[in-house]
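J.: Sequence:
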Amino acid sequence: MIPISIVTGFLGAGKTTLVGRILRDPAFARTAVIVNEYGEIGLDHDLIMGGDETFLALTTGCLCCAVRSDLIETLLDLGRTAAGRFDRVLIETSGLADPAPILQALMTDADVCAAYEIDTMAAVVDPVLGFATLDRFPEARRQAALADVLVFSKTDLAAPDPVLTTRLADLNPGAAQIDGRDLSPGTLFASADPMARAARLAAVPDRVALAPFGAARHADGIETESLVRDRPLPALALTLWIQALTEHCGDRLIRLKGLIAIEEMPGQPALVHGVQHVFSPPEFLPAWPSADTRTRLVFIFRDMPRFFPARLLAAIEEEVRDELQAFGS
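For the sequence shown, numbering that gives the first Met the number 0 puts the final residue at 328, and the numbers step up evenly by one.
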């Protein structure tokens, strides 16, 4: 039987960083990876750097909304076309995925159960925004409640607050809480107790249909928008845009991530990450991770005009270019 491990966690919690670190371990080179992203374009498959692993990407939608057509068929196709090329499967879910129908499908589909078995499900938790996220989003609560292990990310920035750890223990008293810096890749393939997992699944409040392939319902008002552009952006425009998003959007901008082509640094894209009102400084990559060198951005938001971030960027870019042109003349 081929073990399957699942990495879940809300938007911006740090799932992709964790998966990338696991895949850099030589012992996990023969790992098939399935990445699901909520949005019209996929970025995480460009940001995960592994060894000789098989890589698959589900780039649109949400796993819990299309379990049968996407995840199950991908696993079965993987077994048919890549048998013998991988020893384990690692699934990174969308930050909006409800794990319940995913687990139900993997535990009940006869064809999948004949070849695969669930090993461990880890929920990544942001210690900075985790408590507020649990309060605001039922998806985050269900991710934590169903996990075999809870992994704190970003602990170099903040230690988990006792109020957060207590809240998580109330949601899931049987799950170990681990500092992500102390997490070895083997922890995600540690054969967690399947009976305890089934008991958690049976006890979790029935927010979605019990049928494993039933449609999920995300928190009201959450939308996604993508921006793809060929023209590089002035570095000053990027700085001013991030400042403006922080000031004007707050926690309505749930998640922003993307690769941005910068005029002053050709061939070295800026990797940008934003989670609610918290933005990391742009990271300039030494090269584009794939042949696609266009700017690609994904916004996930709630209660905000759909095109506001893109229009704000266009307005700031125009103003910066006018100022640079005037300064140059």
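Hint data in this document are derived by calculation from the structure and do not stem from the laboratory.
Just so it is clear, the structure is predicted and the values come from calculations on it, not from any experiment.
Virtual Cβ for every residue (Gly too), placed ideally from N, Cα, C.
Treat each hint with caution, since some may be false.
Distance windows between CB atoms, simulated [as the list claims (entries may be wrong)]:
no., residue 1, residue 2, range
1, 28, 181, 17 to 25 Å
2, 84, 116, 28 to 36 Å
3, 250, 227, 19 to 27 Å
4, 267, 189, 32 to 40 Å
J.: Okay, residue 250 versus residue 227 on CB: inside 19 to 27 Å?
T.: 26 Å, holds
J.: Is 32 to 40 Å a correct range for the gap between the Cβ atoms of residue 267 and residue 189?
T.: 38 Å, holds
J.: Just tell me: holds or violated, for the beta carbon distance of residue 28 and residue 181 against 17 to 25 Å?
T.: At roughly 22 Å between Cβ atoms, residue 181 and residue 28 fall inside 17 to 25 Å, so the hint holds.
J.: Tell me if the beta carbons of residue 84 and residue 116 are separated by a distance inside 28 to 36 Å.
T.: Check failed, 19 Å falls outside 28 to 36 Å.
When the structure is compared with the earlier hints, a violation turns up for hint 2 alone.
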